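Student: The primary structure of each chain is shown beneath.
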Amino acid sequence: MPAPFKFILNHQTLWLSHERCIFWEDQKALIVSDLHFGKSGHFRKAGIGVPQNIYKEDLQRLFSLIQFFNPGRLIIVGDLFHSHANKEIDLFVKWRNDVPNLSVELIKGNHDILAEKYYQNAGISTTTGSLTVDQFCFTHDIALACESESQYIFSGHIHPGISVSGVGKQTIYLPCFYFGETFAVLPAFSKFTGLSKIRTDNSKDKFFAIVKDQIIRIK
Amino acid sequence: MILNKTPGFFIIQRWLSEKGNKPFIFQQETWQHIINGRSGLVNAPTGCGKTFSVFLGAVIDFINQYPKDYKTKNKNGLQLLWITPLRALGKDIHRAMEEVIEELGMSWKIGIRNGDTSLSEREKQKRQTPEILLITPESLHLLLAQKHYPEIFKSLKIIAVDEWHELLGSKRGVQVELAISRLVGLKLSLSQQSKIIVWGISATIGNLEQAKEVLLSPLFQVEDPEVRTPGIIVSANAKKKIEIESILPDEIEKYPWAGHLGIKLVDKVIPIILQNKTTLIFINTRGMSEMWYQALLNAAPELAGAIALHHGSIEQELRLWVEEALHTTKLKVVVCTASLDLGVDFRPVETVIQVGSPKGVARFLQRAGRSGHHPDAVSKIYFLPTHSLELVEAAALKEATKQNFIESREPRLLCFDVLIQYLSTLAISNGFLPGDVLKEIRSTWCYKDITNEEWDQTLHFVTAGGVALQQYDDFRKIEIIDGVYKINNRRIAMRHRMHIGTIVSDPMMKVKFISGGYVGVIEEWFISRLAPGDVFTLAGRTLEFVMIKDMTVLARKSNAKKSMIPSWQGGRMPLSANLGFMLRKKFEEAGELKTEKLKIKKDIELIVLEPLFQLQQYLSHVPNENELLIEQIETKDGYHLFVFPFEGRLVHEAMAAVLAYRISKIIPITFSFAMNDYGFELLSDQPIPVDDSNVYELFSPENLLNDIQRSVNSAEMARRKFRDIAVIGGLIFQGYPGEQKKARHLQASASLLFNVFAEYDPKNVLLRQAYNEVLEQQMEEVRLRTMLDRIQKGNIIITFPKRLTPFCFPIKVDSMREDLSSEKLEDRVKRMQLQLEKIV
Chain L
1 MPAPFKFILN HQTLWLSHER CIFWEDQKAL IVSDLHFGKS GHFRKAGIGV PQNIYKEDLQ
61 RLFSLIQFFN PGRLIIVGDL FHSHANKEID LFVKWRNDVP NLSVELIKGN HDILAEKYYQ
121 NAGISTTTGS LTVDQFCFTH DIALACESES QYIFSGHIHP GISVSGVGKQ TIYLPCFYFG
181 ETFAVLPAFS KFTGLSKIRT DNSKDKFFAI VKDQIIRIK
Chain P
1 MILNKTPGFF IIQRWLSEKG NKPFIFQQET WQHIINGRSG LVNAPTGCGK TFSVFLGAVI
61 DFINQYPKDY KTKNKNGLQL LWITPLRALG KDIHRAMEEV IEELGMSWKI GIRNGDTSLS
121 EREKQKRQTP EILLITPESL HLLLAQKHYP EIFKSLKIIA VDEWHELLGS KRGVQVELAI
181 SRLVGLKLSL SQQSKIIVWG ISATIGNLEQ AKEVLLSPLF QVEDPEVRTP GIIVSANAKK
241 KIEIESILPD EIEKYPWAGH LGIKLVDKVI PIILQNKTTL IFINTRGMSE MWYQALLNAA
301 PELAGAIALH HGSIEQELRL WVEEALHTTK LKVVVCTASL DLGVDFRPVE TVIQVGSPKG
361 VARFLQRAGR SGHHPDAVSK IYFLPTHSLE LVEAAALKEA TKQNFIESRE PRLLCFDVLI
421 QYLSTLAISN GFLPGDVLKE IRSTWCYKDI TNEEWDQTLH FVTAGGVALQ QYDDFRKIEI
481 IDGVYKINNR RIAMRHRMHI GTIVSDPMMK VKFISGGYVG VIEEWFISRL APGDVFTLAG
541 RTLEFVMIKD MTVLARKSNA KKSMIPSWQG GRMPLSANLG FMLRKKFEEA GELKTEKLKI
601 KKDIELIVLE PLFQLQQYLS HVPNENELLI EQIETKDGYH LFVFPFEGRL VHEAMAAVLA
661 YRISKIIPIT FSFAMNDYGF ELLSDQPIPV DDSNVYELFS PENLLNDIQR SVNSAEMARR
721 KFRDIAVIGG LIFQGYPGEQ KKARHLQASA SLLFNVFAEY DPKNVLLRQA YNEVLEQQME
781 EVRLRTMLDR IQKGNIIITF PKRLTPFCFP IKVDSMREDL SSEKLEDRVK RMQLQLEKIV
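So the sequences go chain by chain: L and P. For the first sequence, this note's numbering assigns the number 1 to the initial residue and increments by one for each residue that follows. For the second sequence, this note's numbering assigns the number 1 to the initial residue and increments by one for each residue that follows.
Just so you know, these hints were derived from the structure itself, not from any lab. Bear in mind that the values here come from a model prediction, so they are computed numbers and not experimental data. Take these hints with a grain of salt, some might be off.
Stated by the list, open to error - Which bits of chain P does chain L cover? Going by a derived footprint, with three or more residues having C-beta under 8 Å, they are:
no.: 1; segment: 173 to 184
no.: 2; segment: 758 to 768
no.: 3; segment: 774 to 785
Said to hold, decoys possible - Here are some, though not all, of the chain P residues that point toward chain L, as calculated from beta-carbon distances under 7 Å:
no.: 4; residue: Leu190
no.: 5; residue: Tyr472
no.: 6; residue: Asp474
no.: 7; residue: Val727
no.: 8; residue: His745
no.: 9; residue: Leu746
no.: 10; residue: Ser749
no.: 11; residue: Leu752
Glycine residues also receive a C-beta, built at the ideal position from the N, C-alpha and C atoms.
Work the whole structure out from these sequences, hints included.
Tutor: What follows is the structure, encoded as structure tokens:
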């Protein structure tokens, strides 16, 4: 795995990985967003033959990141599961049971509609609204977060993408990490997600585009 | 059986002569073949009795069978299935047929089946099948999705396909082929004595013989040698006289070099409108038709009330009103798009004006034919250029018309999306046995070459859903029960039914007044760029955007002077090969004109354009028919390379990609490109290494296929093609009433699905189809290859103009840009970044 990109925020050390996650070294926490597990299964149940390997790879990616960073806690800022229960989700639960010492913490997103019992059985603790860990706050949709006074917020939901353009009217779109003055937005972890273009007009904002296996800072 | 000795012919002839008519020769010929049980194709333009050729043939055949009680005999079951591409056509044909049946005193019933047919009418048709059913291809497939369909079709004798030239070459045409294969197969399985015959009705196209073969191909699953005899083409031989006149700008020097609109010439249009009873103005896109409508009203306010707008995004009721008003001479002028290309004749129309390039000879003639509908009347069409160079097209069209140089329609091959949809359709009704259905499918032209492997993959995709994780999979679509392939899940069946009728288009949103009242539909991406308070135009109205609610755009009336005109994605047809050929000829003539070599008859358009050609020659060169012109120009935007093959946008897009790829093998370089119907442009921020030493190699047909596949753009183009395929193949749900919320988690864009399949299931049949469609439809590979061969045999002229020329200017302005790069993505981002910083 190529080395992650070091980024200091409020004196905390964050490692941005091109595999679409953040490792928060001070807290030994892995932060991910919008995994949408079970999405291909949901499509397949409705007769749409989306290849399931995309899900398998997402899963493998997550668990090899867990092996690599060896975090104590996994913080998921929403949309862990895509929709209703299906067999694909059973596969996640099986893998999750292989890492019993990892604390998995979900801040519920709009897609997390499973019954509470389901999360309990899978060893996932859930929070609705936001979760505070040390000096950071975690929530799914920044638009729905209440005004927080001093805490810096990590969010997901919008699947941010950045367009990079140059001379000759060329444009390319890339998934990215966004760090604004008061909050950050993580890229969607799942490869089975699209991008939504974000505005880049505020010069104080920081953008880190994921270009294949590198993180490149834009602006 | 000799026709004029049969009772049926006697009765029909008597009925015609009572009305003061007599049968045309081509009609009698068709009737003779029909009563002989032969199949074939009637070649006749609209408005000369083509409907009666096949329809009355069916009636005569019936009377011959029951000469004594043909009048009273009812409940005969379906006799004639009439497939028509347009719903609107169904209604008029229904009216005409009903009149005949009534006057003959027969008891036949005639039913219409399309998206507008009411539930009660459907029920009635179910209880008693009408003798004639008028149907669209989609509705025919919907019928095949019903359990009782074999009952409906068991008595069927004749399948007629109207406007076959329109359906051929489209996926709806493939739907027709499949439906015929099933109906013929059904008849065979019932092992009845009677057989099915098939008749197509088609306007003249370049490949009429092939059109017939495609249509009749499914009949060949029948062993009966009599049916196997090749079909017949019956030609009406009705040739219409057409007069073509260009609308010339007063001062060619002041007429714009680029543009799509031509509104500057509005003052020349008004007198034409006033001189004629009714005029149709054909505009290439809906957006421009809105602008012309406004411009005409501004130029001649007295037209208010006598002018109307007709295009595909206008509310249907309003469109029907316009059509009705056209019949009754209430309207002086109608501004329309391709929406009025087809359909019934409007007798009062005396003149047609074509604004901008019609892109093809066939389309131009079809539009011209909308005027002058009396038997001996001359069709009059004006050509209005939207930029000066386009005038050459008028000269080319005149020549092509004189030579009857009409385009072919290429039939589609191996459309897996339509096949998957069709298999699901059969799986909903009675299920299918793969062996039996494969035999039928292979009898069609479209799937005659489907390999066993492709067939297995298709079946695997609909039954197992491709690549899966065995025990962690819930895939459910077609299930196999005792060897029968069936869909049992009601929800999946319902979704599928909703999708058969889906006409693939960009996502559209309804536009309503906030106070109530429907205005029309508009593309979603256009609305997504608007902010509340923005003003736009639709259906000739100026509207202020208020908000979006429940997938509907709410708007209010506005008096703002300036408004945005929506541009619709459709309507960007490429120039046809035939017209391109004529264009090159005319450019050569223009070039000779300027050197005074040519003293023979000159086209007025070329004479008018002389100053422009002189400038082009002064700055660069006017190419001969066997020359390819390349212009290299440096501007503040970068280094431009313009190439002028005159082969239409699509071929140019492909050639630009291939050329960019081949150049990028010489040095790492990034291009963006633009094209129009005359040529294309490569633009780069570094000099483009093309000169005498390498140019023939760069335009070589060798390794073409490889280079196409390697040029990045084939993936981008396939991604765009994949949208339609994904919808037809059932991968995308466009949502339907009452279930919008539940289907929310099933939303994925075609572009995302394309990525997913490309990475995780690259052998998927739908994905491969997207790439094939790119080659055949998008790149027009055959045409591209022909072009390269032509270039190799001719001369390539490279010039270095000091400034933009009349030829390249329209391309420079028309920027539909694509990218191609041989640089590594990472390097590219870093370099763009640098450039950005330099600017800041």
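Student: All the hints need checking, so say for each whether the structure fits it.
Tutor: Results of checking the hints against the structure:
| no. | hint | in the structure |
| --- | --- | --- |
| 1 | 173 to 184 | violated (count 0) |
| 2 | 758 to 768 | holds (count 4) |
| 3 | 774 to 785 | violated (count 0) |
| 4 | Leu190 | violated, 31 Å |
| 5 | Tyr472 | holds, 5 Å |
| 6 | Asp474 | holds, 4 Å |
| 7 | Val727 | violated, 12 Å |
| 8 | His745 | holds, 4 Å |
| 9 | Leu746 | holds, 6 Å |
| 10 | Ser749 | holds, 6 Å |
| 11 | Leu752 | holds, 5 Å |
The structure does not agree with the numbered hints 1, 3, 4 and 7 stated previously, though it agrees with the rest.
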